[in-house]
Amino acid sequence: MDLTLKIWRQKNREAKGEMKSYPIKGVSPDSSFLEMMDLLNNELIEKGEDPVAFDHDCREGICGSCSMYINGEAHGPDRMVTTCQLHMRKFKDGETIHIEPWRANAFPVEKDLVVDRSSFDRIMNAGGFVSVNTSGNTQDANATPIPKEDADNAFDAATCIGCGACVATCKNASAMLFVSAKVSQLALLPQGRPEAKRRATHMVEQMDHEGFGNCTNTGACEVECPKGISLENIARMNREYLSASMSSDS
Amino acid sequence: MSTTNGMTSITRKFFMALSGFFLLVFLLQHCVINMLSVISPEMFNTVSHFMGTNPMVQFALQPVLAFGVVFHLGMGIMLELQNNNARSVKYAMNKPGENATWMSRNMIITGIMIMLFLGLHFYDFWLPELNVKFIQGDMSGLNAAGEFRYFEELQHKFHDPIRTGLYVVSFLFLALHLLHGFQSAFQSVGFRHNKYTPMIKKLGDIYAIMVPLGFVTIAVFHFLNA
Ligand code: SF4
Ligand code: FES
Numbered sequence: 009m010d011l012t013l014k015i016w017r018q019k020n021r022e023a024k025g026e027m028k029s030y031p032i033k034g035v036s037p038d039s040s041f042l043e044m045m046d047l048l049n050n051e052l053i054e055k056g057e058d059p060v061a062f063d064h065d066c067r068e069g070i071c072g073s074c075s076m077y078i079n080g081e082a083h084g085p086d087r088m089v090t091t092c093q094l095h096m097r098k099f100k101d102g103e104t105i106h107i108e109p110w111r112a113n114a115f116p117v118e119k120d121l122v123v124d125r126s127s128f129d130r131i132m133n134a135g136g137f138v139s140v141n142t143s144g145n146t147q148d149a150n151a152t153p154i155p156k157e158d159a160d161n162a163f164d165a166a167t168c169i170g171c172g173a174c175v176a177t178c179k180n181a182s183a184m185l186f187v188s189a190k191v192s193q194l195a196l197l198p199q200g201r202p203e204a205k206r207r208a209t210h211m212v213e214q215m216d217h218e219g220f221g222n223c224t225n226t227g228a229c230e231v232e233c234p235k236g237i238s239l240e241n242i243a244r245m246n247r248e249y250l251s252a253s254m255s256s257d258s
Numbered sequence: 005m006s007t008t009n010g011m012t013s014i015t016r017k018f019f020m021a022l023s024g025f026f027l028l029v030f031l032l033q034h035c036v037i038n039m040l041s042v043i044s045p046e047m048f049n050t051v052s053h054f055m056g057t058n059p060m061v062q063f064a065l066q067p068v069l070a071f072g073v074v075f076h077l078g079m080g081i082m083l084e085l086q087n088n089n090a091r092s093v094k095y096a097m098n099k100p101g102e103n104a105t106w107m108s109r110n111m112i113i114t115g116i117m118i119m120l121f122l123g124l125h126f127y128d129f130w131l132p133e134l135n136v137k138f139i140q141g142d143m144s145g146l147n148a149a150g151e152f153r154y155f156e157e158l159q160h161k162f163h164d165p166i167r168t169g170l171y172v173v174s175f176l177f178l179a180l181h182l183l184h185g186f187q188s189a190f191q192s193v194g195f196r197h198n199k200y201t202p203m204i205k206k207l208g209d210i211y212a213i214m215v216p217l218g219f220v221t222i223a224v225f226h227f228l229n230a
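Protein chains in written order, with my numbering: chain A, 9 to 258; chain B, 5 to 230.
Hints listed in this document are in silico derivations from the structure and should not be mistaken for laboratory results. Computed from a prediction, not measured in an experiment: that's the story for all the values here. All C-beta atoms in this analysis are idealised placements derived from N, C-alpha and C, irrespective of residue type, glycine included. Hints are supplied without guarantee of correctness; some may be wrong.
As the list claims (entries may be wrong) - With a cut-off of at most 27 Å between alpha-carbon atoms, the simulated DSS-like pairs for lysine-lysine come out as follows:
hint, chain 1, residue 1, chain 2, residue 2
1, A, Lys28, B, Lys99
2, B, Lys99, A, Lys98
3, B, Lys205, B, Lys99
4, B, Lys206, A, Lys179
5, B, Lys205, A, Lys179
6, B, Lys94, A, Lys19
7, B, Lys99, A, Lys24
8, B, Lys94, A, Lys14
9, A, Lys24, A, Lys98
10, A, Lys179, B, Lys137
11, A, Lys14, B, Lys99
12, A, Lys156, A, Lys98
13, A, Lys119, B, Lys99
14, A, Lys55, A, Lys28
15, A, Lys119, A, Lys55
16, A, Lys100, A, Lys156
17, A, Lys100, B, Lys206
18, A, Lys55, A, Lys19
19, A, Lys28, A, Lys100
20, A, Lys119, B, Lys94
21, A, Lys33, A, Lys55
22, B, Lys99, A, Lys100
23, A, Lys119, A, Lys24
24, A, Lys156, A, Lys14
25, A, Lys55, A, Lys24
26, B, Lys199, A, Lys156
27, A, Lys14, A, Lys33
28, A, Lys14, A, Lys119
29, A, Lys98, B, Lys94
30, B, Lys94, A, Lys24
31, B, Lys199, A, Lys28
As the list claims (entries may be wrong) - Rough simulated footprint, nothing fancy, chain B against chain A, three-plus residues with beta-carbon under 8 Å:
hint, segment
32, 73–87
33, 121–134
34, 170–181
35, 209–217
36, 234–247
To be verified - Residues from chain A that keep clear of chain B, each with C-beta distances beyond 12 Å, as calculated:
hint, residue
37, Gly25
38, Asp46
39, Leu52
40, Ile53
I would like the entire structure built from these sequences, with the hints used as guidance.
So, in structure tokens, the structure goes:
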């Protein structure tokens, strides 16, 4: 396949970036999107040019690093996949492909397609955990009976890989789907209940503080999420947060 | 985004939904009462007189309604501005239609169109009412001939094809606004359930089409009969 790539190039956080065109020839339709990017970078390096910086690690859809906004959609036109799981056969020979970084003020661009997603880490630090003492006498998890449905829902929520496609896609750059997945995975389990109120309020406050937008229920996040995280989690977080803010003493 | 006015993004969306629910109830009763004008002018006159002179409606419900409308609009505009600011650099290539409906993405446009319509609507009905009742001090609801004036005034307004057209177009925007708003309000207050949510979505679609269609019918009916 011969393609034209239009890629966002930006030297560093402060620099003003721009879209640049790169023709690329002989791409195998069976290669993955990132392999195609590798091909381009090899060519750029051979020519003595700066390769395109992009995040990647696992290349199998579990780490969430490969953030690329491809042809107007997070992780490209395919559903339920990350960029590393996207194949070139999804594109047509001769096509022009636009590749941009996630756009949100809470995700500043570091270089080219690499964005700083540490705002997600700070939200997690605000309450996305259970405080258990792991001193060696931890109880077997199966000792606490949990309804199958709750366990399944918690597990579904826990599949969120923190990629940020929800934010990138949302017209409001809202992080509600991510935060709600992280709130839900713990809220649904007995181990998460003791800190549920604090968790919901602190994580939501941190989310707002980071400069993400307000959720208006467009549902775009759910469609573009590579892990199929459902809007049901957002409704659950709304409940958790509202009941916590009505009943908490602070 | 921080906690403007001590509210977080979730409290803001909660109150947006609450005011939305209130307006949904208001719209429904407004539509039902106006429907009477198509069925029976006498009944319409009686109910209009009650609504226009009952102190409970006038001095308790009406101010709440005014607050609800202003709040919903003000909060809507504030959310839109904040949300716009959350992404300063826009995408060079974006396909929002691939993952969200036009209605859900353009609540601000349909909302502002509805507010513009409300300006016209107030000018047509509310201001004249205030004038007759509180400036001229005539609470009788009667015209010179000693009959109830409400039905006659209503019909008179829809003489004008341009005004009738503007009303019809506005109701179209109302329908678009409701198609997203109805079910969205439930999601915002955290009401979502595998069993009930599909039902709410259907009910929302029915409401969003039937209520504006009711208003359109009323406007067109009086235009044709005027
Ligand atoms: S909710 Fe989905 S889109 Fe958002 S961060 Fe998690 S996996 Fe990515
Ligand atoms: S590189 Fe790990 S999810 Fe794509």
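For this session: Compare the structure with the hints numbered earlier in the document and write down the numbers of the violated ones, lowest to highest.
Result: 9, 10, 12, 16, 17, 24, 31, 33, 37
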